[in-house]
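Enquirer: One line per chain: the protein sequences are A and B, in this order. With my numbering applied, the first sequence closes on residue 269, and no number is skipped along the way. With my numbering applied, the second sequence closes on residue 1335, and no number is skipped along the way.
Keep in mind that the hints are not guaranteed to be accurate.
In silico lysine-lysine, PhoX-like type, Cα no more than 20 Å apart, as pairs [stated by the list, open to error]:
| id | chain 1 | residue 1 | chain 2 | residue 2 |
| --- | --- | --- | --- | --- |
| 1 | A | K172 | A | K12 |
| 2 | A | K259 | A | K172 |
| 3 | A | K259 | B | K1018 |
| 4 | B | K1018 | A | K172 |
Pair ranges (Cβ atoms, derived) [to be verified]:
| id | chain 1 | residue 1 | chain 2 | residue 2 | range |
| --- | --- | --- | --- | --- | --- |
| 5 | A | H139 | B | T1158 | 36 to 42 Å |
| 6 | A | V38 | B | M1154 | 34 to 40 Å |
| 7 | A | G135 | B | T1093 | 57 to 63 Å |
| 8 | B | R1020 | A | P50 | 56 to 62 Å |
| 9 | A | W205 | B | E1010 | 54 to 60 Å |
| 10 | B | R1020 | A | H139 | 40 to 46 Å |
| 11 | A | Y21 | B | R1204 | 42 to 48 Å |
| 12 | A | P233 | B | G1131 | 37 to 43 Å |
| 13 | B | S1021 | A | Y21 | 35 to 41 Å |
| 14 | B | R1133 | A | P50 | 53 to 59 Å |
| 15 | B | N1058 | A | Y21 | 36 to 42 Å |
| 16 | A | I244 | B | T1093 | 30 to 36 Å |
| 17 | A | L132 | B | T1158 | 51 to 57 Å |
| 18 | A | I244 | B | E1045 | 47 to 53 Å |
None of these hints come from the bench; they were simulated from the model. Glycine included, each C-beta is placed from N, C-alpha and C at the ideal position.
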Amino acid sequence: MRTAQTLLAFLKRDFLIEVSYRTSFLMQAFGILFGVLVWYFVSRVVQAPPTTPGLEGADYFSYVLMGLALLHYQSSALTSFSGKVRGEQMTGTLEAMLVTPTPIGTIVLGSSLWEFLLTSVKVLAYVLIGRLFFGVVIHPAGLLPALLIISLTVLAFSGVGILSAAFVLYLKRGDPITYLVSSASALVGGVFYPPEDMWPWLSGWSRVLPITYALRGLRRALLLDRPFADLLPDIRALLLFVAILLPLGVLAFRVAVRKARQEGSLVQY
Amino acid sequence: MAQPVAILAENLTKTYVKRRSLREVALHPGRRAERVTALSGLSLETRAGEIFGLLGPNGAGKTTFLKILAGLVLPTSGRALVNGIDVAQDESTVKRSIGVVTSDERSFYWRLTGRENLDFFARLYGLGGAGARVASADLLEEMDMGSIADRPFMSYSTGMKQRLAIARALLHDPPVLCMDEPTRSLDPIAAKHMRSFVFDRLSRQRGKTVLLATHNLAEAEEMCSRVVVLDRGRILKQGTVVEITADLPGRDHYMLAVRGLDSPPSDPRWRCTVERQVGGTRHLIAEVNRDGSAFSDLLAAILAARGTIVSCARREPSLQEIFDQMGPDSPEGTG
């Protein structure tokens, strides 16, 4: 209960800071609208038929819209933890938080919550704009499984994100893993085009990325109205990623905190 | 009856290992990383309700000691206890019983108001919603900040920011306060108010134990019942400021304004320098041996030479002079 209240305090803090930049909300809303428009017109040029391998019967615009939405979640999960740690180190507020009895894990999680909430709003906006103005068909029955898939995806990528925060905390610089995962996800993860359309030696790498399973599951749930049983292989794969990546990230973070306290570099940047 | 021990350091040592650049590692792979000793066998205890001073120049180890107490740094060896609890063993409980005040203005959210900042940190100290709001409001009033509580932090003066830092450290009403140079960037009037607030309100009225790290000897003398003088992580001396300065080898300094004196009297036990002359009054700086009678002999010599002493004041030695006279290799050092 107390942890929940603390996390809410972080949300309130970041909300107040966000609204103090008055044009920020407006600019972000324009960004979403422009993004959807760009991909709408790209899809009109591409005009890939729904029978294209990997599209599984979905039209290209709906396909890429889901890709963009999940890419936002991935980006938040990968960068928000390390970004917040770095930001609070540089603004000098990390030390003030670390001298309180709130555990450092709660501080890092709390600091990232606003980013996730904002991403959720953005994703919802993507889907709504697609549904209302561009005829994207969203199947309501797929909403709950989609939420489960998104949650697992966020948890899996949060493992990598927390690992990145550990790098920032100890080495004072970003880690190469985040960059590699982000780039590889965009290249072979099925965000903008199906991996099936790529050279087999390259598309094979998509199997080691959580976003591949997340996107396939999400599209099958929301766009193709597949039964839950069809989603299970992707959900199992995501669970496996969560089981490996999240403890790895948390463990690395604990080690980094201990090492930084030993070196006295916890609040240095 | 003696007050219970609030802070105890036993043989506390902190050695930092300097991180080597990739170039250094590549060029000299076998070379041992350089080590810097920030604290070396520090042992001290402060009593509940006491204002205890940590005096020393930059790099003396004051901030490292405070950071160990605050749980930001782990000691290499030895231990530190706050109200009997080891900071390395039960960090969370210790953090509930100490408040930390730094002079770093950046430790707040500049776009939030003073009240919003305090509300947020109150939650981090474990206060519930209503409790957080009440604690913030009470402290803002206590710090005379009620009328500016809803202004953005970035619009505050340095003095206001520092008062808010103290309010934040008091949110959870801790028995122990660690203050790292709280008057460093304040003007003399604001610094005086700050000192009297800490001394009268926090120490006298509310019985807080205050650990005060400072460069300022006069501030330590005004506020602290006892101090330790640190240099390079070792205690050079401890006691009251008067005891520390009285025991120093060398000479005391006096500022004298004298009228009707042609030339200052000379004697091997003192040296007088004319600082300036205003009309018929000469302002002298007298360096006098601490041998008991030298100062009264100097005054007698001035009077015997038909001089009139207009004013006389002892000039406290600066911290630097104390270090120069004490020296890090002084036999009084404990390290």
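Enquirer: Holds or violated: the 42 to 48 Å window for the beta-carbon distance between A/Y21 and B/R1204?
Expert: With Cβ atoms ~45 Å apart, the hint holds.
Enquirer: Given a hint of 53 to 59 Å, does the C-beta separation of B/R1133 and A/P50 actually sit inside it?
Expert: holds, 56 Å
Enquirer: When you take the CB atoms of B/R1020 and A/H139, is the distance between them in 40 to 46 Å?
Expert: At 58 Å between Cβs, range violated.
Enquirer: How does the Cβ-Cβ distance of A/I244 and B/T1093 compare with 30 to 36 Å: does it lie in that range?
Expert: holds, 34 Å
Enquirer: Indicate whether the distance between the beta carbons of B/N1058 and A/Y21 respects the range 36 to 42 Å.
Expert: Hint holds: Cβ distance 37 Å, inside 36 to 42 Å.
Enquirer: Quick one: are B/S1021 and A/Y21 within 35 to 41 Å, going by C-beta?
Expert: Because 38 Å falls inside the window, the suggested range holds.
Enquirer: Range first: 51 to 57 Å. Now tell me if the beta carbons of A/L132 and B/T1158 are that far apart.
Expert: The hint (51 to 57 Å, Cβ to Cβ) holds, given that A/L132 and B/T1158 are roughly 52 Å apart.
Enquirer: Between the beta carbons of A/V38 and B/M1154, is the distance compatible with 34 to 40 Å?
Expert: holds, 37 Å
Enquirer: Taking the CB of A/P233 and the CB of B/G1131, does the distance hold inside 37 to 43 Å?
Expert: violated, 49 Å
Enquirer: What's the verdict on A/K259 and A/K172, does the C-alpha distance respect the 20 Å limit or exceed it?
Expert: holds, 12 Å
Enquirer: Given the hint of 54 to 60 Å, is the C-beta distance from A/W205 to B/E1010 inside that range or not?
Expert: Holds, at about 56 Å.
Enquirer: Mind checking the hinted window 57 to 63 Å against the Cβ distance between A/G135 and B/T1093?
Expert: Given a distance of about 60 Å, which is inside 57 to 63 Å, the answer is holds.
Taken one by one, the earlier hints fail for this structure at numbers 1, 5, 10, 12, listed in ascending order.
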